[in-house]
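A.B. asks: Can you build the whole structure from these sequences, using the hints too?
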Amino acid sequence: STKNWRASVDLTGRLLTAHGQGYGKSGQPTGHTTDSLQLWFVRLALLVKLNLFQNAELEFEPFGNLDHPNLYYEYYPTVYPGRRGSMVPFSMRVLHAELPQYLQKPQDTLDRLHRIKSVSQKILSNLQEGLAEDGSMMNLTQDNRLASIQLWRSRLSRVMYSMANCLLMMKDYVLAVETYHSIIEYEPEQSVQLLSGIGRIFLQIGDIRTAEKYFQDVEKACQSKGKTPNEDTSVLMNRAFVYLSQNNYADAHVCFSSVLKLDPKNPVANNNAAVCLLYLGRLKESLGQLESLVHKDPALYLHESVLFNLTTMYELESSRSTQKKQALLEATACREGDSFNIQCLKLV
Amino acid sequence: MQVKGQSSAADRMDVNQAKQEHLLALKVMRLTKPTLFTNMPVTCEDRDLPGDLFIRLMKDDPSTVKGAETLILGEMLTLPQNFGNIFLGETFSSYISVHNDSSQVVKDILVKADLQTSSQRLNLSASNSAVSELKPESCIDDVIHHEVKEIGTHILVCAVSYTTQTGEKLYFRKFFKFQVLKPLDVKTKFYNAESDLSSVTDEVFLEAQIQNITTSPMFMEKVSLEPSMMYNVTELNAVSSADESESTFGKMSYLQPLDTRQYLYCLKPKPEFAEKAGVIKGVTVIGKLDIVWKTNLGERGRLQTSQLQRMAPGYGDVRLSLEFIPDTVNLEEPFDITCKITNCSERTMDLVLEMCNTRSVHWCGVSGRQLGKLSPSASLSIPLRLLSSVQGLQSISGLRLTDTFLKRTYEYDDIAQVCVVCPYTSPES
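Top line first, the protein sequences correspond to chains A and B. Okay, so the first sequence: first residue is 1 according to this note's numbering, each after it adds one. Okay, so the second sequence: first residue is 349 according to this note's numbering, each after it adds one.
Simulated from the structure, these hints should not be mistaken for laboratory data. Among these hints, one or two may not hold up.
Straight-line C-alpha distance at most 20 Å; calculated SDA-like pairs for lysine to any residue [as the list claims (entries may be wrong)]:
hint	chain 1	residue 1	chain 2	residue 2
1	A	K49	B	D394
2	B	K688	B	T653
3	A	K265	B	R404
4	B	K375	A	K49
5	A	K49	B	L401
6	A	K49	B	K407
7	A	K171	B	T608
8	A	K105	B	N387
9	A	K117	B	G716
10	A	K225	A	P188
C.D. replies: Laid out in structure tokens, this is it:
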């Protein structure tokens with residue numbers, strides 16, 4: 001949690017060597033355990049978080065499609081007597097599927113995600129028909145069955161999020177919107193977030209009218225929860241984005257400020273209010289607000305996006321931006337781990 | 349050292365004037381709309397080794413959507429990181445900031461922003477009056493907007509003049525060059541109601557092909573045809589149902605880069621011009637296209653084409669069109685049509701109508717009768733009767749008009765089509 005992920009990655013390397021699978025050992029026959037696979041998962045997940053996508057792809061290669069026989073419990077009858085199925089963590093499959101899109105191969109990501117989705121759907125329907133996950137007639141207790149259904153529903157919605165995200169990155173907006181929409185059935189408590197997100201997609205396209213329709217649906221969903229529109233931060237945020245799309249930065253600023261009255265520590269509203277000030281010609285005010293936010297709560301505000309905004313405004317404000325950026329660098333150095341994306345400070 | 353005041357309207361594109369150290373610094377930043385920050389979710393389940401670590405990290409991340417942390421499109425706004433592209437019809441917005449970098453108070457600061465194109469120079473500043481004084485570390489800010497109406501090189505010229513504490517008058521200019529590109533490729537095509545044949549009505553269809561030649565998707569908010577005074581226009585790009593109309597483009601409300609769309613309009617000449625339309629020769633002005641589009645977060649663009657022109661189809665001296673004809677007729681049953689004969693020439697004609705039978709069309713009535721004199725631009729309606737002896741889609745041909753004054757014959761074949769059906773079901777089919 002100190003975010004020293006590079007150090008963590010090194011640690012996994014050492015631990016995997018102890019398992020007989022470390023550096024230089026790819027291509028050699030080996031045995032897996034659930035522990036070693038979890039180590040691999042952590043290592044690969046951290047590589048992805050560090051944006052080291054090519055390294056992750058290379059290290060994933062020996063695992064193939066994650067369906068080699070030696071990745072199944074049945075391969076080790078002495079170690080795991082009686083256990084059946086894949087030892088590969090579900091999250092590792094998701095990670096493996098999501099990786100190609102970061103390497104400009106989004107079609108591979110979609111193919112892999114589709115495969116996971118159809119298997120998950122089959123398992124879920126098996127469970128709902130009273131069978132075991134793999135379709136056999138094994139008996140499950142009521143509790144176990146419910147827990148399993150819950151698990152697989154949440155896995156299905158995780159995969160659907162992945163697919164929708166990938167389609168959005170590919171700019172296939174029609175399919176992305178459809179996919180996000182279909183998640184609502186599985187995660188109804190997230191309907192406000194999903195509908196608002198879809199609205200934002202339409203704002204990005206430039207179709208403000210359709211975005212407003214979705215934001216109206218959000219308002220209805222909030223009203224059914226018993227809140228008036230002015231009490232709901234989601235509704236206010238959406239309204240602010242619509243004003244922004246109509247070039248009305250003054251009213252957008254008012255909406256973001258209203259969110260802050262309800263939730264003073266809301267980092268998004270704070271950042272966005274400062275951004276509006278810039279568009280209104282109030283550079284110094286905007287800069288002052290962002291700087292004081294970073295100063296008061298560095299844990300929250302030393303974030304890539306806020307720092308991008310801050311350094312952009314430093315460059316606009318004066319010729320001494322380099323010094324100010326260096327001050328930011330010092331502030332982040334003592335807080336963030338070795339994983340911080342230093343490029344957002346634009347020092348070069 | 350004093351720098352000479354306002355130099356002559358120079359078109360030189362220096363980046364910076366005099367190497368003198370100035371007390372004030374001028375900075376310019378183009379204000380395109382901000383973008384929404386996207387995340388990269390990495391998750392695991394509670395049973396996995398990291399436990400709830402990844403989820404907690406995503407929840408603590410200020411840029412994720414609370415309650416749906418795996419949704420990549422957050423709500424955090426990021427300022428534009430580079431100049432980007434600018435297209436004809438868009439609005440150029442820019443932040444102009446003059447900052448007092450020195451430790452002394454500076455007086456009488458005048459900031460002017462002009463936009464220089466290949467054809468003109470426009471003043472963009474909001475105010476033209478000087479600011480009396482500027483303290484150290486303070487700044488004068490202005491946001492300028494300008495709807496770009498020309499393609500090609502544009503230069504933003506910012507000039508700052510000020511007086512130091514010692515009474516010295518100083519002046520400097522900065523130039524910022526940018527290119528304005530073409531955003532759309534528009535091709536138009538005209539269709540007569542029945543192309544190449546004499547038309548039943550005088551309608552003209554306009555097909556406008558619009559291609560997005562920018563690098564980002566465009567939402568076409570409005571593509572309308574403003575007709576010239578001769579025509580009324582009907583837009584044919586939406587299907588109307590009870591409550592609302594649905595676009596013919598369905599769910600694809602936006603145009604991806606390099607995609608093309610076709611818009612269709614129907615133009616009918618207004619009644620007072622209708623008669624003339626049949627006789628019009630040469631070029632007529634149809635109207636112009638008005639296109640409004642939006643991109644990221646409502647960034648707006650607007651273009652109008654020049655007046656679109658149409659070459660009237662040549663009808664020759666005498667035009668024969670159909671006023672009335674049925675779609676479907678029965679085999680070997682006579683049916684009626686009405687022809688309209690218009691004199692499109694400059695002289696009076698004395699016309700004789702002859703009807704010739706074809707393999708499938710047989711005319712009823714008297715062939716070779718005189719129609720009488722027809723003056724220039726006048727027309728007359730002739731009812732005719734005929735029958736078809738062949739089933740299927742048959743072409744009506746065989747009319748001949750002879751002008752007795754000049755002894756010239758005009759032939760009219762394939763005037764229209766009619767569908768001939770057999771009304772009886774035969775026993776052995």
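A.B. asks: Going straight from one Cα to the other, do K105(A) and N387(B) come out at no more than 20 Å?
C.D. replies: Status holds; Cα separation ~18 Å.
A.B. asks: Check the hint pairing K225(A) with P188(A) against an upper bound of 20 Å on the C-alpha distance.
C.D. replies: Holds, at about 13 Å.
A.B. asks: Assess, step by step, whether the Cα of K117(A) is no farther than 20 Å from the Cα of G716(B), and give holds or violated.
C.D. replies: Distance ~79 Å between K117(A) and G716(B) Cα, so the pair is violated.
A.B. asks: Holds or violated: K688(B) and T653(B), Cα atoms, limit 20 Å.
C.D. replies: With Cα atoms ~36 Å apart, K688(B) and T653(B) exceed 20 Å; violated.
A.B. asks: Verify the proposed pairing of K265(A) with R404(B), using a straight-line Cα cut of 20 Å.
C.D. replies: Judged against 20 Å, a Cα distance of about 18 Å means the pair holds.
A.B. asks: Holds or violated: K171(A) with T608(B), Cα cutoff 20 Å?
C.D. replies: At roughly 17 Å apart (the allowed maximum being 20 Å), T608(B) and K171(A) satisfy the hint.
A.B. asks: Please verify whether K49(A) and D394(B) have alpha carbons no more than 20 Å apart.
C.D. replies: holds, 19 Å
A.B. asks: Does K49(A) lie within 20 Å of K375(B) when you go C-alpha to C-alpha?
C.D. replies: It is violated: about 36 Å lies between the C-alpha atoms, which goes past 20 Å.
A.B. asks: With a cut-off of 20 Å on the C-alpha distance, tell me whether K49(A) and L401(B) pass.
C.D. replies: Distance of about 13 Å is within 20 Å: holds.
A.B. asks: CA of K49(A) to CA of K407(B), is that 20 Å or under?
C.D. replies: holds, 15 Å
Hint compliance for this structure: hints 2, 4 and 9 are broken, all remaining hints hold.
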